[in-house]
Amino acid sequence: MTTATPDHWHLTALLDGEPGPGGFEVAISALEQDATLRARFERGLLIGQVLRGETSTPAARTISARVSAALATEPVPMRPARRQRVPASINRPAAALAIAASLVAVAVLVGPGLLSGPAMESPGMARNIAQQGTAEPAGSDDAQADAQVVERWTMEEPAGSTALDALLVDHRERASASGLTGFIPYAAVVGQSGLR
Amino acid sequence: MTEREVDQALVERAQAGDRRAFDLLVLKYQQKIAALIGRYLRDSAEVLDVTQDAFLKAYRALPGFRGESAFYTWIYRIAINTVKNHMVAQSRRPPGDDVEAELAEQMEMGARLRDSATPEREALSDEIANTVQEALDALPDDLRAAIMFREIDGMSYEEIAMAMECPIGTVRSRIFRAREAIDKRLRPLLEA
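Top line first, the protein sequences correspond to chains A and B. In our numbering, each residue carries its 1-based index in the first sequence increased by 1135. In our numbering, each residue carries its 1-based index in the second sequence increased by 375.
Just chain B, same shape as in the assembly (with noise of 0.2 Å):
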């Protein structure tokens, strides 16, 4: 089961009716669709309400959606349009067009649109990641390579296990340890 097929089928859930489904979703992807809103406003409350929004819109249409794509490239639409429509209720031009937007969310080169951190949120974005990386630091090897195959390369556990050279099932092992490793010094962070 692909990333994209378990999201088809929380997709499917949700269109039946389990709204608990969709909530998952939205856990799944709030970070990005957030990140990516926030490339468009400067205001870190207005960026919860507009993400929030893009939510709400994506549920309600929810039932229109046939899996022709990716439900992240769907959303992802949805929220380009809430973000833009936002905009220009408030007065405001929206800057660029998609191909531009969409350039800066997979080149990491939307220097125009990304300058909108707060210095708390960059204070605290830039905290987790310094403990995500010495936790990840703090790994050892071979959990260490496990866990950056997977998350950094998007590396199947079979082909973990094959670069490794070891059994899927110690693959899988390494993998939950290193993220409970880590886990375990971003939760009192998270938590805080």
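Just chain A, with the same shape it has in the complex (with noise of 0.2 Å):
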């Protein structure tokens, strides 16, 4: 009787259907590379042809020989590869935080210059918008602002008229606080203004 290998047990394992782990990569690199191998792995599928009935054809043995022959000079068929799709749920908000990402930076670049408008009113007019709106008493530090006289349309609709006073006052804590100007103290992250 031959000298079992590991190789031979790979084999046996293999025309059995059952490799286990790792043993159907060492069965097929010991097949590609040994002929005697692969001459003992055919007939023990032969064996089994045979043991279950199913018809022989001893001068099929030569196919495998003829095809490799007739495949060496043809090109190796790949099969395309394939496009990876991202998933939607990971692609949609990483592209939207980096357009919104990409116009923050052109707007703290760019914007200032292009965008702020002549350095509005005095203070003083928004305190007198706000002691409008919310009756807030002014400071004594404003007395000469308080003195001057604002002019200001009027509204039929009362409720329209507090809501412009809010935005007001809201323009002005925004301005003053950051120090810039423009619409730059107003901006807001994307996503987020839906949620006040």
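The set of hints was computed from the structure by calculation and includes no laboratory data. Where a beta carbon is used, it is the ideal one built from N, C-alpha and C, also for glycine. It is possible that some hints are incorrect.
[Stated by the list, open to error] Covered stretches of chain A, as calculated for chain B (at least 3 residues, CB under 8 Å):
id	segment
1	1140-1152
2	1173-1182
3	1194-1206
[Claimed, not checked] Far from chain B by the CB rule (all over 10 Å, computed), these chain A residues:
id	residue
4	Val1161
5	Ile1163
6	Ile1234
7	Ala1235
8	Ala1236
9	Ala1240
10	Val1243
11	Leu1244
12	Ala1294
13	Gly1295
14	Thr1297
15	Leu1299
[As the list claims (entries may be wrong)] Distance windows between CB atoms, simulated:
id	chain 1	residue 1	chain 2	residue 2	range
16	A	Ala1174	B	Arg468	38 to 44 Å
17	A	Glu1189	B	Arg452	16 to 22 Å
18	A	Ala1200	B	Asp528	31 to 37 Å
19	A	Gly1155	B	Ala498	38 to 44 Å
20	B	Arg452	A	Gly1188	50 to 56 Å
21	B	Gly544	A	Gly1188	26 to 32 Å
22	B	Asn505	A	Val1211	41 to 47 Å
23	A	Glu1189	B	Gln465	25 to 31 Å
24	B	Gln508	A	Glu1209	39 to 45 Å
25	B	Arg441	A	Val1211	16 to 22 Å
Put the two chains together into one complex; each comes in its own frame, and the hints tell you how they fit.
Here it is as structure tokens:
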């Protein structure tokens, strides 16, 4: 009886469809490199066929060599690589964030110079508006400003007038606190504004 | 790893450009495909040519094989189409339809398609069958039972271990030794 090698054991397991963990790779590599082992593998297949009473065609043993020779001159028909799709759940927020970051960067670099308007209004104007809307007392340091006459338009609807007042107060607070001019102080992160 | 999974792994290797993996698939199925084509054609040289052609077509179509069916089912269909096209090209009428051929394959009842063996082919086939049978008969009972459970009944190592009330390692060893013993008798005949 032939001395059994580890390759022989892997081969018989492969014939039985039970190569075990790692056994497949070992058996295939051995078969690809060892013609004697290939012949043994082929006889093992034939033994199984004969035992099952299946028709055997002895001359068919030459087919693998014939096919191999015929394919030697053919290009390898590679399977086209699949396009890897990024899940929409990952892709969309990432793209939105990238766009938002780009816009903010452009706005920080270019925006203040181009978009800032003339320094609006005196502090007193806003304060007067606030006084009208919220009835907050004015500070003593602003006495001069308080003395200025502030002209403003009138609105028919009290609710609309109140809302407008609130917006103007908000505007003054933001503009004065950040020291920035233009639209930058009002920039809000996309997605958060809806939560307000 | 089942037999189908083994085939699929070989197919994926071949699809990735490993031609030797495809060679192994040919080695594995050349007998079955040749036997199938031999049911349509009488001339043994023609059987070999068409079998070779079927495998070449399979190789070229391999990038499109997605593993939705077993490799054998796929190559079987290619072989049937190849032999039918061959017969039409030779102005011969292909016998029956695919269902008929599949029944013949599965149930060993395709008498009309099967009488194509030449005396020489039959003689060698018979000699191989007799050699294997004699080697099987000469095996100790435990080895014979193990190889028959595996090859004839298609039982897994685990099932055989339960049936024979022994460890799986023992089953593996018995099947291995049985194959070695049969191979020892068969090899001189095939190499002659």
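Structure-based check of all given hints:
1. 1140-1152: The restraint on the segment 1140-1152 of chain A holds, since 8 of its residues have a Cβ under 8 Å from chain B and three suffice.
2. 1173-1182: With 9 residues close enough to chain B, the hint holds.
3. 1194-1206: holds (count 11)
4. Val1161: Its Cβ never comes within 10 Å of chain B, the nearest being 13 Å, so this holds.
5. Ile1163: violated (7 Å)
6. Ile1234: holds (37 Å)
7. Ala1235: The claim holds: Ala1235 of chain A sits with its nearest Cβ about 41 Å from chain B, beyond 10 Å.
8. Ala1236: Holds, since 40 Å exceeds 10 Å.
9. Ala1240: holds (44 Å)
10. Val1243: holds (49 Å)
11. Leu1244: At about 49 Å from chain B, Leu1244 of chain A clears the 10 Å cut-off, so the statement holds.
12. Ala1294: holds (66 Å)
13. Gly1295: Non-interface label on Gly1295 of chain A holds, nearest chain B Cβ at 65 Å vs cutoff 10 Å.
14. Thr1297: Thr1297 of chain A clear of chain B: closest Cβ-Cβ about 67 Å, beyond 10 Å.
15. Leu1299: Check passes; 65 Å lies beyond 10 Å.
16. A:Ala1174 <-> B:Arg468: 38 to 44 Å: Between Ala1174 of chain A and Arg468 of chain B, where Cβ atoms are some 39 Å apart, the hint holds.
17. A:Glu1189 <-> B:Arg452: 16 to 22 Å: Since Glu1189 of chain A and Arg452 of chain B have Cβ atoms about 19 Å apart, the given range 16 to 22 Å holds.
18. A:Ala1200 <-> B:Asp528: 31 to 37 Å: holds (33 Å)
19. A:Gly1155 <-> B:Ala498: 38 to 44 Å: holds (40 Å)
20. B:Arg452 <-> A:Gly1188: 50 to 56 Å: violated (24 Å)
21. B:Gly544 <-> A:Gly1188: 26 to 32 Å: holds (29 Å)
22. B:Asn505 <-> A:Val1211: 41 to 47 Å: Since the Cβ atoms of Asn505 of chain B and Val1211 of chain A sit about 42 Å apart, the hinted range of 41 to 47 Å holds.
23. A:Glu1189 <-> B:Gln465: 25 to 31 Å: holds (27 Å)
24. B:Gln508 <-> A:Glu1209: 39 to 45 Å: holds (41 Å)
25. B:Arg441 <-> A:Val1211: 16 to 22 Å: The hint (16 to 22 Å, Cβ to Cβ) holds, given that Arg441 of chain B and Val1211 of chain A are roughly 18 Å apart.
Hint check: violations occur at hints 5 and 20; the rest are consistent with the structure.
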